[in-house]
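Undergrad: The primary structure of each chain is shown beneath.
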Amino acid sequence: KNEVEQSPQNLTAQEGEFITINCSYSVGISALHWLQQHPGGGIVSLFMLSSGKKKHGRLIATINIQEKHSSLHITASHPRDSAVYICAAAFGNEKLTFGTGTRLTIIP
Amino acid sequence: EADIYQTPRYLVIGTGKKITLECSQTMGHDKMYWYQQDPGMELHLIHYSYGVNSTEKGDLSSESTVSRIRTEHFPLTLESARPSHTSQYLCASSLGTGGRGYTFGSGTRLTVV
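Just so you know, the protein sequences line up as chains A and B, in that order.
Every position in the first sequence, counted from 1, becomes a number in this note's numbering once 1224 is added.
Every position in the second sequence, counted from 1, becomes a number in this note's numbering once 3 is added.
Careful: at least some of the hints might be erroneous.
Claimed, not checked - Straight line, CA to CA, 35 Å or less: simulated DSBU-like cross-link-like pairs of lysine-lysine:
| id | chain 1 | residue 1 | chain 2 | residue 2 |
| --- | --- | --- | --- | --- |
| 1 | A | K1277 | B | K20 |
| 2 | A | K1319 | A | K1278 |
| 3 | A | K1292 | B | K60 |
| 4 | A | K1292 | A | K1319 |
| 5 | B | K34 | A | K1279 |
| 6 | A | K1278 | B | K60 |
| 7 | B | K34 | A | K1292 |
| 8 | A | K1277 | B | K34 |
It is worth saying that the hints were derived from the structure and are not from the lab.
With the sequences and hints as input, model every part of the structure.
TA: As structure tokens, this is what we get:
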């Protein structure tokens, strides 16, 4: 069964802290996506990974194919980073399986 | 700029009304998808299309219907809205390259009262 698990479910941190959100999946994938969902519900695509590491501003996403694991890191976190972060995997076809999301709250 | 557009962004509607959620993309992608997210839950695939005049139901059962008369347009319709349809609906399209060429809409938050 194609499964995607995220941890933690909820994360509260102080402004400036380094944040890590984890995503594990059950079997081999062809691509993994990280999405950001704002409190109003709007969804923004952050990264697509099939291997290695990508960086955009303060956001870094990594994937370890052998360990079936991906991480999303936020450096120098800011209250505007508060959102739900979702990982989604493509298990060899075009349909995505989504994780339950990590609700991140950054306190000033 | 190539993009995917969903309208409306928010919709509050009464029980029994017919509604159509619009989704359009300008990239010429053959594959399009509708995902549904119930409050506090993860997103699940409810409909997908691999081309014009081709639609299939997804993993999660839904009372909604879709059509694909044009490549760029993939509307979702609820004939008679009910409070159980209150959810976030996310449209996406892809190049068809193993999940790599995905583009996501911003989502429509539907509330049925």
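Undergrad: Run through the hints listed earlier and report the numbers of any the structure violates, in increasing order.
TA: 1
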